[in-house]
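Here are the chains, one letter per residue:
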Amino acid sequence: MVDAGDAVTAEVIRNGLLVAVEEASIVVVRSAHSTFIQEGADACAALLDADARLLAQSTATTLMHSSSLRCSLPSVVETFPLAGMAPGDVFAVNDPYRGGIHANDILVFRPIFVDGVPRYFAGTLVHIADLGGAVPGGLSTLAGDTFAEGLMLPPVRLYRAGEPVDDVWRVIAANSRTPAKAVGDVQALVSGTHVLAASVERLLARYGGAELARFLDAYLAATERQMRAELAALPAGRYQGSFTIDTDGVSPGHHLVSVTVTLDGAGGIVLDFAGTGAQSPGAINASVSQTLSGVLYAVRCLLDPAIPMNEGCFRPLDVRLPAGSLVNPNPPAACGGRLVTVTAAIEAILDALAAARPDRAVAGSGLVHVYTLAGRGVGDVPWVTLLYEFGGIGARAGSDGPDANGAYFTGGRSVIPQIEPLETAHPLLVRAARVRQDSGGAGRFRGGLGAELDIELLDDAVLTVRGDRMELPPPGRDGGHDGAPGYHRVLRRDGRLEELKSKQVNIPLRAGDRFLLATSGGGGLGPPRLRAPELVAADVSAGRVSERAARETYGWTPPAGVAGPDGKESR
Amino acid sequence: MTAGGSATAATVGVDVGGTFTDVVVSAGAGRDEAVKVLTTPADPLVGVRRGLRLGLARAGVAPGEVGRLVHGTTLATNVILERRGARVAFVTTAGFGDLFRLGHDARVEEDRYDLLFQPPRPPLEHDLTFEAPERTSARGEPLTPLTGPAAAELAARVAAAGPEAVAVCFLHSWANPEHERVMARELRAALPPGTHVAISADVSPELREYERGMTTLLSAYVGPVMSRYLSRLRQVLADEGLAQAAVYVMDSAGGVMSTQAAAVRPILTIESGGAAGVVAAGQIGRAGRHPRVLSFDMGGTTAKMGLVRDGQPTVTHSFEVSGKGSFGVARSGSGLPVRTPVVDLAEVGAGGGSIAWVDPTGALRVGPHSAGAEPGPACYGRGGTQPTVTDANLVLGYLDPAGLADGVALDRARAEEALRRGVAEPLGIADLLAAAHAVHDVAVATMAAAIRVVTVQRGEDPRDYTMVAFGGAGPMFAARLAAAFGITDVVVPPSAGVGSAVGLLHADLAVERVRTRVLDPAGAPPDEVKEIFHGLEADAVDALALGAHDQTVTLRYSVDLRYRGQAHQLTVPVTAPELAEPGLPALLACFREVYRATYGVTLDAPCELVSYRVRATRPFAGPAPGAQPDPPVHQPEPDGARTALFAEAGAPVPAAVFRYERLAPGALVAGPAFVDGAESTTLVPPGALLRVDATGTLHIQVAAATTGQAVGPA
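Protein chains in written order, with the numbering used here: chain R, 3 to 573; chain G, 810 to 1523.
No wet-lab data here; the hints were simulated from the structure.
Glycine residues also receive a C-beta, built at the ideal position from the N, C-alpha and C atoms.
Please note: incorrect hints may appear among the correct ones.
Stretch by stretch, here's where chain R covers chain G in the computed footprint (C-beta under 8 Å, at least three residues) [claimed, not checked]: (1) 907-918; (2) 928-938; (3) 1139-1146; (4) 1246-1252.
Now the stretches of chain R that chain G is said to cover, found in silico as 3 or more residues with beta-carbon under 8 Å [claimed, not checked]: (5) 23-29; (6) 59-66; (7) 225-237; (8) 299-313; (9) 393-404; (10) 433-443; (11) 536-550.
Going by beta-carbon spacing under 7 Å, a handful of chain G positions derived as facing chain R [stated by the list, open to error]: (12) Gly904; (13) Glu1018; (14) Ala1172; (15) Leu1236; (16) Ala1258.
Kindly produce the complete structure, drawing on both the sequences and the hints.
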């Protein structure tokens, strides 16, 4: 018989762990110096055990890092055996081939001791402002290897028994264009682990090590059971999906991410990426931890979203990643542009599973465009800012795609800094920020619109951009049209218009030059001619679709005698 | 008679909630009279009128004797949630007409896996968005000046669209409001007289265009509805013979304002209902000389927690309409943001009607779904079949089966059946009592997470606090929850069931003004900060005079600071003498300390000042609930007994039952015991001690022995 006390204890521990990781992530996000860390973008906190099992993960932070900490802890333990760890030790790592992501994402771990033995680890991660490399802010779009991407940290000790290891901190500071911010960010990570460890120690004091371990085992097992039950409910079969990447910016040709998803109907799932292109000589390679985060995300979109995020989620997944491919590169391939590939992997899985669950079918979405602007600043105090803009979301079975929003995995628009704080902090003047009329792929359900930005430089600066889905715009589905492709342009002060590539680094801009960024619209779903006329009318009235496109693409006829938005009365 | 109400006049609090309208009448001395009537959603004033008549009659107060009436209302929130506000035109800077269409949404928790998600959208039609040919820089310089003729031409176009209200938000109007003022002038000239025109420099003059613009838009959206409602309220009061009463509306930060001010700035009332409860807790704390109060308000569907320090509720400056988030705090961007002072509340879905269920991983959960008033808990016998917190309490012996005040008899058999099916069987527990106790404990754990958010996560030690409990279910859980945090003093006020309305009675008249200007405290001209505060002060005092007649004004100052390069600020209080010090050393030291307490980090980095706030308060002049000497102690005879299961005893034990109305001041009762009141039951756990003071307030001393149970914060 189950003791009712067990049910209560389980709930109390579950609550306690979630609050603890949340608290740690708040410390990291709110005290981080990097202005990039807006509202939980590119940061996380998690509790793991000494076997690197993920026990609890912060929920207000990005899902891009659900696998990062669990994949990198083993390398720390390998370098610094558990037996040699002391309370107050803190470790850091960023090597993408040891579970890391790219140079700027630093992962920090602090052991938590039970009866003198490290049993748990508090882990935190944040994208720090600058850690060297060829491009300020770490957006090494065209880096040829990890050496060009910035300082590489194998597992190192940041603190030894509570005392800072000064050598390491000096190396970090010396490799950053903004040393104070870099050190401040790493300090925020260390504080996050401190807060989390203290919470776990309170739980240990209350329940004891054996009791806590027993409940955690049961918690992970229950999560795994729930995952398997949900997976078993999906129609069994073999489903094929793929997505094509425009370019890596350095080599000719496109890059394919291909996946075969096999559901056995009994709770097992195999995701085999055989057929995916070879690793790139550019920076779009996704290290294993990143690919896994994307794979889990895509699979979870078809399951009960309330399943807790822990090791139990990963266990049912049999993920096969060919070595030397885009989704599992060999060192020292550069990984800074991994989001291009990880989102392609997500699109490929959603493409495959649309056959299993047509009610969850989605057309292709625009990619987040990342760009940095950097300058010498006043009194030679350099400034760097890393910014994002989103493309349109693909149409969904039953509803239009939202405009210029994170394609699921990358979250909502709150990660994009607002114009006023941006202009207050940097010599920029944003002249316009709009959605792009007619950029959403036409369809029975329309793709979301892309965005366009017009940013004037008030001082000389260098620009680096990374976009994709501009040559091959987000594909439509089931007869829906593709989204309109985006562009990167520079309008020089003298009126010359220069077309930039989707991936280009260190473009010199002078004061008065303008950077024009347009993101692609999402793909449409279903034939446009099947779109309900009242929806077309609503789009025209809201300016999302021009009257001309409404007539030509949707075959729409404005109601007689009603003035169009241009003021002219229609036929 | 002064507008604030003379000492002899009666004061009335009217709180319109989702289910009940509470009316409290205070005739100046003795206990307040409280009545609870059903809210009438179609026209809330029908319920107000009924409650008012009942309350005045019960208190024996003639309408003409009422000097002051304070109203708490959820109208602003409801208008936004139900999309029944005005048809608003939005005027913004050229190039930025898509401000809201692009939006600034954050997806939280389970929403992130939703392939069909829709970002939150404000109540604005696209063809009512207008772009003005103007631009101001971040330093406040006019880059493209807005000329009078251009503004007039645009105003004419806006007027031609026939909006009921207009919101104006130009980029960087926080730095220089001139263009917005020009635009407002031309709009007022072009629009029919009385059209509500809101400009962002007045409504929310802070950096960040999305939040400022949304606050302004929602203010305009709610404005006309609020104006109409308040003038109808004044009419109803006049009809009822209360024409002479000064009428105030509770704002979201725990102060009150005149109805005129509320009509101009309706967005200030967005969390009016939640604020009243915290204010009530604060007053009780003040009367009992408790400097730090944890307000715990648990009703039918949710539990709300907030802090009051030295009589001042903890206030934050952002609110999300229909926001979502973890552990009772809505995440910025998850709903529609409103930048306005609001009491800092954590709200979780744990109330008496919250449903207990077993999730797919086999964990027992309570809430957020509630059985509500209909069908209600299974034991109400009105068709509810799912087990609720109330059902668990009944099975445990915590509630009197003979029924609640409104005549509902509680059916223990139905409660047991619901618990068996919903909890015991899925968990594989044979013992129903154990299942019921588990539900009770999980409800405590859920609320404990929210308490942790408002205390520990804010750098506050809960053990420094006294818990004040109210709401229908608050007194039942208070002692348990307090024990989990090492809180030793729990206070249950008289009329605990209508705690919010009591808060309205004695609230102070208050106004807050804010300005943003990013300054380096070391490099700024020494008088700049002082000048900003002087301007805010004059503005705030001026606004208070609207409806006020005396000058006993308290001013409180605060500054939002951050370390240079950060995106987030912390609000730090500062005194007038500290503001006079060159370089502001006291302010900076305080910021570093608050930062350390909040994030656990001490940073040696330069700071910057971002926003400046002044809150002007004119204290309520009427009789405050004064402290009275403790009456002589006696041990009362119980009115009965119930057999109940407590964690401390392994098996059910008899517990004394007292009727609240028969408990005389000075009564001293040792737990386990229950005090059955009209609207709530107070649980005194084993080992705890209950004392009744001269005002009829219950004080529970939670023994150290009951702390450290299996239930509590991590």
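Here's how the hints hold up against the structure:
{"no.": "1", "hint": "907-918", "result": "holds (count 11)"}
{"no.": "2", "hint": "928-938", "result": "holds (count 3)"}
{"no.": "3", "hint": "1139-1146", "result": "holds (count 3)"}
{"no.": "4", "hint": "1246-1252", "result": "holds (count 4)"}
{"no.": "5", "hint": "23-29", "result": "holds (count 4)"}
{"no.": "6", "hint": "59-66", "result": "holds (count 3)"}
{"no.": "7", "hint": "225-237", "result": "holds (count 4)"}
{"no.": "8", "hint": "299-313", "result": "holds (count 9)"}
{"no.": "9", "hint": "393-404", "result": "holds (count 4)"}
{"no.": "10", "hint": "433-443", "result": "holds (count 5)"}
{"no.": "11", "hint": "536-550", "result": "holds (count 3)"}
{"no.": "12", "hint": "Gly904", "result": "holds, 3 Å"}
{"no.": "13", "hint": "Glu1018", "result": "holds, 5 Å"}
{"no.": "14", "hint": "Ala1172", "result": "holds, 5 Å"}
{"no.": "15", "hint": "Leu1236", "result": "holds, 5 Å"}
{"no.": "16", "hint": "Ala1258", "result": "holds, 5 Å"}
Every hint from the earlier list agrees with this structure, and none is contradicted.
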